[in-house]
Each structure stands twice: as structure tokens, then as C-alpha cells.
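Visitor: Sequence:
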Amino acid sequence: MSLLALPDEILLRICNLLDVYDLSSLAKVPVIGPRIARFYMFYHDETTEARALARKLEDNSPVYVYSLEDSPEDYDPSEIWSTFIILGQPNDQIILDKIKDMPQKASIKIICTSKSLVNLIESRSIFESCRNTVSICFLNLWELGMVQITGLDPGSLDFPELHELTLVCCTATNDTSKFKLPKISSILFGCSTESLSILKNFDFEKYDLLQLIKLTFLDFQNDVNIGDITFGKAKEVHLALNHNGFPTNIRGHLKNVSMEHVSSLVLTDFTSLIDIDAPNLTEMTIDINTSSFTKVKFLNFNAPKLLRIGTTNPDFVLFDTFENFNAPLLKEIDINELSLRDNPDYVFENLRTISTAEYTLWHGKFNSLVLTTLEISLGPSMELYNDLKATDFPSLRNLQIHSHSPCDLSKIPFGKTYPSLLRLEFFGFYNVQSDTLNQLLSRCPNLKELEMEPQDAAITIDGVSSDTLEDIRIFPNEDTFQKFEMTNCHFKKLKKFFIAPDTDTSMPDQFDRFSGRIEMIAPNLESILVGLEMESIDISKFKTTKLKRVLLRGPVSEIELGDIQDLKDLNLFYPFTKLGFGQEPAALHNFTLPDRLNFPAVSEYAVMRLMSIYRNTALKRNII
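Numbering (the numbering used here), first residue to last: 26 to 649.
Take these hints with a grain of salt, some might be off.
Stated by the list, open to error - Below are the BS3-like pairs computed for lysine-lysine, each with C-alpha atoms no more than 27 Å apart in a straight line: (1) 568 / 645; (2) 571 / 473; (3) 645 / 571.
Because the hints were derived from the structure by calculation, they are not lab data.
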């Protein structure tokens with residue numbers, strides 16, 4: 026389901042995870058914006074700082090920020106989910122009275138600018154007046170730069186309903202005063218070098234409802250060291266170094282950290298994890314903002330339930346050390362293969378997915394009996410093929426093989442049966458013919474999806490059958506391909522068939538360079554796309570009555586569709602001399618004809634009838 030189609034309740038859950046900046050950015054989406062405007066209200070008081078921040082939000086999104094002195098009258102308070110209030114004078118009694126009168130159903134999210142926070146910490150009026158506040162954000166206005174806010178007394182923060190707290194560059198009056206946040210679920214902290222010590226003022230162990238801790242380290246000139254800390258009952262932890270988009274060698278380091286309840290850990294520019302205890306961690310993401318190789322070190326790392334380590338830049342992330350690395354259930358890791366060479370003794374016993382261009386480095390590093398996905402690139406060396414042929418993969422479900430240079434398909438590594446294989450993709454092979462395909466299918470008794478990029482000039486497939494294949498996709502190499510023929514083939518469960526050279530599909534005139542012929546029995550066929558020049562195609566002989574989509578990108582003189590009562594899409598890009606069908610479609614959602622079509626007399630009725638069905642369908646859909 027797309028974001029635009031989400032029901033209000035689900036959209037609310039997503040929006041409630043966003044701060045005011047992200048929410049205003051989401052409001053830029055044309056369909057989402059009006060919904061946000063309907064369910065969220067934005068206010069500011071009349072201080073210069075609050076008005077400046079309000080204008081900044083309006084300039085970057087379609088949201089409108091009202092003055093607290095000029096509230097709109099044409100809205101339904103019962104529909105408001107959340108109210109954002111930008112305050113520059115939080116102890117003004119008139120303002121507090123207005124906030125108290127707001128609908129109790131709506132959560133109130135207070136945004137305090139840097140100057141107003143000075144007033145806030147001197148007066149507890151807002152805490153006493155706004156007991157239903159669920160989110161408060163202390164931040165610096167962009168125009169003011171990095172302003173350090175000092176003297177905050179965590180003990181004065183007594184918000185019994187507060188769910189979310191955002192702090193930017195705040196320091197506490199002392200180390201012993203603790204934030205009283207009995208219902209807190211999210212803590213977001215942007216900290217400078219001076220404000221890092223405020224972490225000691227959070228009593229993470231006592232926040233029973235804590236879900237998220239997000240720490241962003243701002244403007245650090247040296248490496249950031251986080252140690253001797255526990256994240257209490259938080260389920261998700263994000264730690265990130267913010268370099269404002271500029272390249273830097275500054276990195277973060279975690280040492281002696283307890284994550285007893287953390288299940289998801291996201292690290293940005295952290296390169297060492299030492300003495301880490303994460304007994305419930307299942308997923309970890311390590312992002313390194315770099316275009317050069319960066320080494321990440323694991324030392325005394327305990328994560329017995331860890332399933333996945335991901336990174337957005339795997340080519341440049343080297344796992345330099347796996348020493349006392351306890352992650353026996355690890356199933357997936359985004360890794361530069363050179364890491365394997367540097368850690369010769371480490372074996373991923375439960376790894377389920379391997380995607381590699383250096384298969385030789387994986388020798389002895391994984392358990393082939395549990396592997397479910399293998400994506401590999403192979404060169405001309407037969408040693409690799411022979412090694413794969415001699416290996417059992419009883420659990421493999423997805424296999425993708427790229428050959429760097431054209432290779433005979435008979436050399437593909439199928440020395441044994443692959444009983445669990447469901448999807449097979451191979452690219453860069455030639456000799457894609459009947460014998461090799463039958464041999465391949467015999468080794469994969471449960472194969473459902475087959476995708477290939479043959480290098481042959483002529484492809485002849487005759488007498489090939491499968492009781493399991495549901496999807497066939499063929500992309501011949503346009504530089505070598507000339508002719509494709511499929512005859513006497515039987516695919517009992519085939520639903521989708523695609524054959525077209527790997528060329529620019531937006532330019533259909535290119536397909537008249539490739540000739541073809543297709544004859545098969547496929548009683549369950551629902552979708553067919555062909556990019557070939559053919560004298561004729563008789564889909565009625567396919568024995569299917571389930572067609573929903575037909576797309577012919579190449580020139581076909583005579584077209585017989587058969588019974589097409591379920592057809593929804595029909596796209597014909599070249600003129601034809603004959604068009605026929607049996608049972609007509611009940612509805613036709615898409616119907617494309619070539620620009621230069623002179624109806625041949627023999628097909629005039631068929632064309633006009635399909636056009637009539639298409640127009641009627643369009644009218645009904647518009648009415649509905």
C-alpha cells in the first residue's frame with residue numbers, strides 16, 4: 026500500500042513519529058498536505074523569535090502557522106490530532122489560558138526557542154497549566170546558530186503526560202537532578218561537546234514506556250566516545266554524528282554500553298563497538314558517510330539474537346575485527362568481501378543471504394545447508410563453477426548468477442538438485458536452448474520464477490515443459506539477438522510471460538529488428554508481453570481463459586486473442602492486418618492502438634467493439 030492510500034489512523038501513527046520539521050516536509054506531498062492541514066494545527070505567539078520560526082516553517086512547506094491571538098474559526102476541534110505551539114514567552118498567563126482551553130483530545134507539542142527557554146526554566150507556569158502536553162521541544166532558531174542553553178534544572182520538568190522530549194544543546198544545573206518523565210516514549214537529543222554530560226540526568230532505567238532514544242552529536246571537533254552508559258528499557262537507539270554534509274575523519278566509538286532491551290540499533294559514523302552487551306538486539310544498521318574505505322571494529326560484542334547488519338555503503342565499509350563477536354543467529358550482513366580476508370577464522374554459521382562479486386573469499390565462511398539467497402558474479406575460471414557444482418544448497422530459494430564474459434549455459438553450476446529453489450536468474454550465458462533448459466529445470470523441481478539474459482543470436486526452445494513455473498522473463502542481448510522460437514512447450518501454472526530484448530521500451534520502433542514465433546500451452550496465463558516481429562500470434566491455442574494483460578510491442582500481422590472475458594489491459598503498438606477474439610471482455614481499463622491504424626475490414630468489428638467496451642469502462646470508473 027502506498028503512503029497516499031494509507032487510512033487516517035495509520036497516517037497518524039507515522040506523523041506522530043515526526044518532529045515539526047519532518048512533518049512540515051511531509052506536508053509538501055500534494056495529497057498528504059491537505060490531510061495534515063486538516064488534522065494538525067500550528068500556532069505561534071507574538072514574540073519576534075516565535076514569528077520568525079513560524080515564517081521559516083511556512084516558507085518550507087504548505088502549512089499555515091496561526092497566531093494564538095487570531096485562531097481560525099472554520100475548523101472542527103474534534104478532528105484535530107495534534108497541536109504545535111511555537112512559544113517565545115512561555116510564562117505569559119494569557120497565552121497559558123489559551124493553551125488550557127484547547128481541545129483535550131488533541132496532544133499539544135510545545136516548541137520553545139532558545140530565548141524563551143530562559144524564561145521557561147525560571148517559571149513553571151507552563152508545566153502547571155498544560156498538563157495534557159505530550160511533546161515538548163527545546164531548540165535553537167536556525168538564524169541564531171549554535172546557541173548553548175545553560176542552567177536547565179531537569180527536576181523542574183514535571184510533565185506527567187509527556188511522551189516526547191526534544192533537547193538541543195542544553196546543559197543541566199547539576200549531575201544528580203533527574204528528568205521526571207513517567208510516560209516518556211521518545212527522547213531526541215542534539216548535543217554539543219559541552220552538553221554531552223546531560224545524559225547523566227536521564228534516568229533511563231525508570232522510564233518504563235521508553236521506546237526510542239535518538240542522539241545526534243553536533244559540531245564535534247574530535248572523535249566522540251560514548252561509554253559507561255545504559256539505555257534502560259529503550260527498544261530503539263539511534264546514534265549519529267552530524268557533519269553538516271562536509272567530509273570529515275571524525276568518528277564515534279561505543280565502549281562498555283548496556284542495551285538490555287534494545288532490538289534496533291542505528292549508528293552513523295560510529296566505527297568501533299567494544300564491550301557491548303545487547304542480548305535482545307535483532308537488527309543493526311551502520312552508516313558511514315564516506316567515499317573511502319573505513320574500518321569498523323567489533324570487540325567483545327554480545328548480540329545472541331542479532332539477525333541482520335546493514336549499511337547503505339557496503340563497498341566502503343570494512344569490518345576490520347570480529348573478536349569475541351557473538352552473533353550466532355546472524356542471517357544477513359552487508360559487507361565488503363575484503364573483511365573476510367582480514368578475519369580468516371570467523372564463520373557465519375547461520376547466514377541466509379550472500380551477495381558477492383568475490384565468491385572465492387566466502388570459501389569456508391558460511392554454511393551452505395542453511396543459505397536461502399545467493400547472488401554471485403563469476404569469471405571465466407572453471408574452478409569456481411566446479412566448486413559450486415560440488416556444494417549442496419538444500420535450503421536455497423533464490424539464486425542469481427552473473428557471468429563477466431559470455432559463458433556456456435551447460436557450465437552453470439547445477440551438479441546437484443536444488444529442491445527448495447523458487448527463483449533463478451542468470452545473465453551473460455549463451456546456449457540457451459531446449460536441452461540446457463530441460464536439464465536446468467530437472468535440477469529445480471519447485472522453480473516458480475525464471476529470468477534470463479541470453480547472449481545467443483538465435484534461441485530455439487522446443488518441447489520444454491514445467492509443472493511449477495509461474496513467471497518467465499527473457500531479455501535477449503540486443504547487440505547479438507536476431508530470432509526467438511518457442512514451440513511445443515507446456516507450462517501448467519505459468520501466469521506471466523515476458524520476451525523482449527533489453528532495449529529502450531519507450532521506443533517501440535526498435536522491436537522490428539527481432540523476429541519470433543511463440544506456441545505453447547499455458548492454461549493459467551494471465552499476462553503476456555512480447556517485443557518481437559511475428560507473422561502471427563494465436564493466444565487461443567495457449568488454452569487460457571484467464572488473460573488480464575496483453576502487450577505486443579513488436580509488429581504482429583495477425584492477432585487472435587481467444588476468450589478474453591477477464592482482460593483488463595490491451596496494448597498494440599504496430600498496425601495489424603487481423604484482430605480477433607472469442608468471448609469479449611467484461612471491462613477494459615487500458616486500450617492502446619497504433620497511431621497509424623487503418624482498420625482492416627476483417628477486424629473492424631473487433632476493434633470497434635473493444636473501443637466501445639473501453640469507453641464504457643472509463644465512464645463507469647469515473648462515475649464510481
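Visitor: Now look at each hint and say whether the structure bears it out.
Guide: How the hints compare with the structure:
The hinted pair formed by residue 568 and residue 645 fails the criterion: a straight-line CA distance of about 31 Å is larger than 27 Å. A C-alpha spacing of about 18 Å is found between residue 571 and residue 473, which places the hinted pair at or below 27 Å, so the restraint holds. Proposed proximity of residue 645 and residue 571 is supported: the alpha carbons are some 23 Å apart, at most 27 Å.
Checked against the numbered hints listed earlier, the structure breaks hint 1 alone; every other hint is satisfied.
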